[in-house]
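Enquirer: Construct the complete structure from the given sequences, taking the supplied hints into account.
Protein chains: 2
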Amino acid sequence: MSTEVTDIASQVKQIALDARAASLTLANVSSELKNKAILRLAELIEENVPALEQENAKDLAAGKEAGLTGAMLNRLELNDKRISGMVEGARQVAALPDPVGESLDTYQHPQGFTIEKVRVPIGVIGIIYESRPNVTVDCAILCLKSGNASILRGGKEAFHTNTALAKLVSQALSETGLPEKAVQLIPTTDRAAMNTLLKLNEQIQCIIPRGGEGLIRFVSENSTIPVIKHYDGICTLFVDKAADVAMAESIVVNSKTHYPSVCNAGENLLVHRDVVEFHLPQIARALAAKGVTLKADSEAATVLENAGIDCEPATEEDWSTEYLDLIISIKVVADVDEAMAFINKYGSSHSDAIITEEAETATAFLNGVDSSTVYWNVSTRFTDGFEFGLGAEIGISTDRLHARGPMGLRELCSYKYKVVGKGQIKP
Amino acid sequence: MSTEVTDIASQVKQIALDARAASLTLANVSSELKNKAILRLAELIEENVPALEQENAKDLAAGKEAGLTGAMLNRLELNDKRISGMVEGARQVAALPDPVGESLDTYQHPQGFTIEKVRVPIGVIGIIYESRPNVTVDCAILCLKSGNASILRGGKEAFHTNTALAKLVSQALSETGLPEKAVQLIPTTDRAAMNTLLKLNEQIQCIIPRGGEGLIRFVSENSTIPVIKHYDGICTLFVDKAADVAMAESIVVNSKTHYPSVCNAGENLLVHRDVVEFHLPQIARALAAKGVTLKADSEAATVLENAGIDCEPATEEDWSTEYLDLIISIKVVADVDEAMAFINKYGSSHSDAIITEEAETATAFLNGVDSSTVYWNVSTRFTDGFEFGLGAEIGISTDRLHARGPMGLRELCSYKYKVVGKGQIKP
Numbered sequence: 001m002s003t004e005v006t007d008i009a010s011q012v013k014q015i016a017l018d019a020r021a022a023s024l025t026l027a028n029v030s031s032e033l034k035n036k037a038i039l040r041l042a043e044l045i046e047e048n049v050p051a052l053e054q055e056n057a058k059d060l061a062a063g064k065e066a067g068l069t070g071a072m073l074n075r076l077e078l079n080d081k082r083i084s085g086m087v088e089g090a091r092q093v094a095a096l097p098d099p100v101g102e103s104l105d106t107y108q109h110p111q112g113f114t115i116e117k118v119r120v121p122i123g124v125i126g127i128i129y130e131s132r133p134n135v136t137v138d139c140a141i142l143c144l145k146s147g148n149a150s151i152l153r154g155g156k157e158a159f160h161t162n163t164a165l166a167k168l169v170s171q172a173l174s175e176t177g178l179p180e181k182a183v184q185l186i187p188t189t190d191r192a193a194m195n196t197l198l199k200l201n202e203q204i205q206c207i208i209p210r211g212g213e214g215l216i217r218f219v220s221e222n223s224t225i226p227v228i229k230h231y232d233g234i235c236t237l238f239v240d241k242a243a244d245v246a247m248a249e250s251i252v253v254n255s256k257t258h259y260p261s262v263c264n265a266g267e268n269l270l271v272h273r274d275v276v277e278f279h280l281p282q283i284a285r286a287l288a289a290k291g292v293t294l295k296a297d298s299e300a301a302t303v304l305e306n307a308g309i310d311c312e313p314a315t316e317e318d319w320s321t322e323y324l325d326l327i328i329s330i331k332v333v334a335d336v337d338e339a340m341a342f343i344n345k346y347g348s349s350h351s352d353a354i355i356t357e358e359a360e361t362a363t364a365f366l367n368g369v370d371s372s373t374v375y376w377n378v379s380t381r382f383t384d385g386f387e388f389g390l391g392a393e394i395g396i397s398t399d400r401l402h403a404r405g406p407m408g409l410r411e412l413c414s415y416k417y418k419v420v421g422k423g424q425i426k427p
Numbered sequence: 001m002s003t004e005v006t007d008i009a010s011q012v013k014q015i016a017l018d019a020r021a022a023s024l025t026l027a028n029v030s031s032e033l034k035n036k037a038i039l040r041l042a043e044l045i046e047e048n049v050p051a052l053e054q055e056n057a058k059d060l061a062a063g064k065e066a067g068l069t070g071a072m073l074n075r076l077e078l079n080d081k082r083i084s085g086m087v088e089g090a091r092q093v094a095a096l097p098d099p100v101g102e103s104l105d106t107y108q109h110p111q112g113f114t115i116e117k118v119r120v121p122i123g124v125i126g127i128i129y130e131s132r133p134n135v136t137v138d139c140a141i142l143c144l145k146s147g148n149a150s151i152l153r154g155g156k157e158a159f160h161t162n163t164a165l166a167k168l169v170s171q172a173l174s175e176t177g178l179p180e181k182a183v184q185l186i187p188t189t190d191r192a193a194m195n196t197l198l199k200l201n202e203q204i205q206c207i208i209p210r211g212g213e214g215l216i217r218f219v220s221e222n223s224t225i226p227v228i229k230h231y232d233g234i235c236t237l238f239v240d241k242a243a244d245v246a247m248a249e250s251i252v253v254n255s256k257t258h259y260p261s262v263c264n265a266g267e268n269l270l271v272h273r274d275v276v277e278f279h280l281p282q283i284a285r286a287l288a289a290k291g292v293t294l295k296a297d298s299e300a301a302t303v304l305e306n307a308g309i310d311c312e313p314a315t316e317e318d319w320s321t322e323y324l325d326l327i328i329s330i331k332v333v334a335d336v337d338e339a340m341a342f343i344n345k346y347g348s349s350h351s352d353a354i355i356t357e358e359a360e361t362a363t364a365f366l367n368g369v370d371s372s373t374v375y376w377n378v379s380t381r382f383t384d385g386f387e388f389g390l391g392a393e394i395g396i397s398t399d400r401l402h403a404r405g406p407m408g409l410r411e412l413c414s415y416k417y418k419v420v421g422k423g424q425i426k427p
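Top to bottom, those sequences are chains A and B.
Going by full-length UniProt numbering, the first sequence opens with residue 1, and the numbers climb by one from there.
Going by full-length UniProt numbering, the second sequence opens with residue 1, and the numbers climb by one from there.
You can take every hint at face value.
No copy labels: a pair is met if it fits in one copy or bridges any two.
Straight-line distance between alpha carbons at most 27 Å, and here's what the computed BS3-like set of lysine-lysine pairs gives:
1. Lys-345 with Lys-229
2. Lys-426 with Lys-117
3. Lys-199 with Lys-229
4. Lys-13 with Lys-229
5. Lys-229 with Lys-426
6. Lys-117 with Lys-345
7. Lys-345 with Lys-199
8. Lys-241 with Lys-422
9. Lys-156 with Lys-58
10. Lys-81 with Lys-426
11. Lys-426 with Lys-241
12. Lys-426 with Lys-290
Hints are computed from structural coordinates only; laboratory data are not their basis.
Expert: This is the structure we're talking about:
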């Protein structure tokens, strides 16, 4: 960085210009070289565990000082398990097929030339994230493998850890002969840097915010660069009148309790009126046995009370609340149409499931629910890039444009058309 | 519209809510029904030519009164030729395959259930356009065929014509039994309506602005809804040292002069230094013979002057100017690398061409130029949805996310995952 670049805005602009230049090189780098850099990074991380943990200790100490909650400190911590997770993740990404250069379609023009649609990187991707420092490495690697230059802007709590990780990334790039500016960490967590970054739409082609709703909302409202949003999941499970009750119990319990703090966990349970008296008590008892608090509309509450099961009243607000906790809201519906209308109104278009043995009802649900992933007799917990065979995941898009649902390497790409002829002109 | 909905913001909000509801129905309407509505619209337009021309005459008279330029009045005019163009376009779209429901990919999960990726509509699309009234019908039909509800916001100059056309669209929808709110024209051209519209990201999933750079910039800077931008084309032609000069002449003349006012017309000409003395005079004379003004850098100017061909000096600004007119900027470059660096710096990532007989140089160019369409020995004038075999076109995206280059029916779609199993839960 030259000395005349003194203020934050110029510094961020320079980072973006360097990223743009690096992205043009990176777009045509061989898979071998990209994989070599990723594998070298895995080694470097392994070789530098004590140094990384030392930098992380600084962040943790500062976090305690600043009064971060236990959950926040937990997210911030880079322990042995998380470090080996990063290393293993890097090796997995290196082993994945390269998405760049794949031919997606070919059209033979009547005038005798060929139009080929080819997958190419998006260009420069800005990742804005909060306290988890492993995001630095995970995102850098996914962007690198997909041929994109990346600009990383991490949270201030993880600044020392992120800086140490980014240094290893730079080292892996330069040792491999790849442009060092292909991955850059913004060297300040000043808010002004992010505000500048979000307006650099000539250099940066895509912003992916990773974090809570507040961050995502701020980024989407202030960015002139297209943003791929990863909002929360308000996932609903519908037990149809033709449900197998044992299966319903198993899927509802799995969706709700397997890992309650993630976006593909169930939050709402709808039960068909015709079977609510028979099925709800069994399912509710299984949930209660796992420690789940039940919130119910008046009709479901009557059924639960008659069966001697405790519950609290559900309010209008509950239907669109992502608890991320052992709480579930229960409502009785007349049929699949009411269930679909409920989900399309209160859900977040993430993941929703029907449990039924009737194909016709299931088909209506799969077609009619406007969510990225709709399940028939499967737990919602499977919405995930690895489970979907993508091999890796940068997140789960709640947008409709570009990528929807789990985003892997292919979703980090755009395409271009290559037209090859022998002098054809437009008649 | 109920009487309590009095102010513009509530009115626009209601339009968006109605569109969202209509979109959920439309997403699962059969191809037959959608085609029936489109063909009925074609008939209705044919049956109502005098009425349409009468409404258009009002707009034209008001435009003349308001002092619109000849070019603006021309865009506004709905003459017999344009009406039959709309009708023919509608019939062509009806005949195209339905993009909705197509299976894009299937993954068999190791636990024995199936994950199918299926093409679905985006949802609600807002189209914001300027003076051409035929956009009303063209966009309504493309959105309808792709299962999307649309909200149209046309320019104030075309208000009477747009209103008359939108009435026919509503009639075609209701006669066919499709939701009438599947296509809605905002019934006011008050700027407040557009400002409200651009913030309704819960109801509207995508905004496509169609018009000049000012409109697109305003929309992208003020929208909280993802925008697919269709910016201008600054297209460059590179005549390599290994070019066939007759082919180079033919392609450069075609790209520049075939239809100078469109985005895929050539604006810059780069010539390899090794052949500039031999090739440039021939190409420049052919351009001059078509009335093209030549702007040249000093090196090219010397060659042209030595050959007795008039030219003006090209400035730094010229390299990134979209003339849309019979003007071309000419520069001498050392090699394909300099040509690519020039295009990646000054171009608009739209369409660029190399003319060469050397495959290696051409490959470097096709890979290294960061544009939606890169041509080898073909005129840039082919960047167009019809020419690319898409059957129709809503525009040419200059974005990288979602759609790049010509956008047809498939590019107006998103996808969802349908997961079908037998009770699988996450272990």
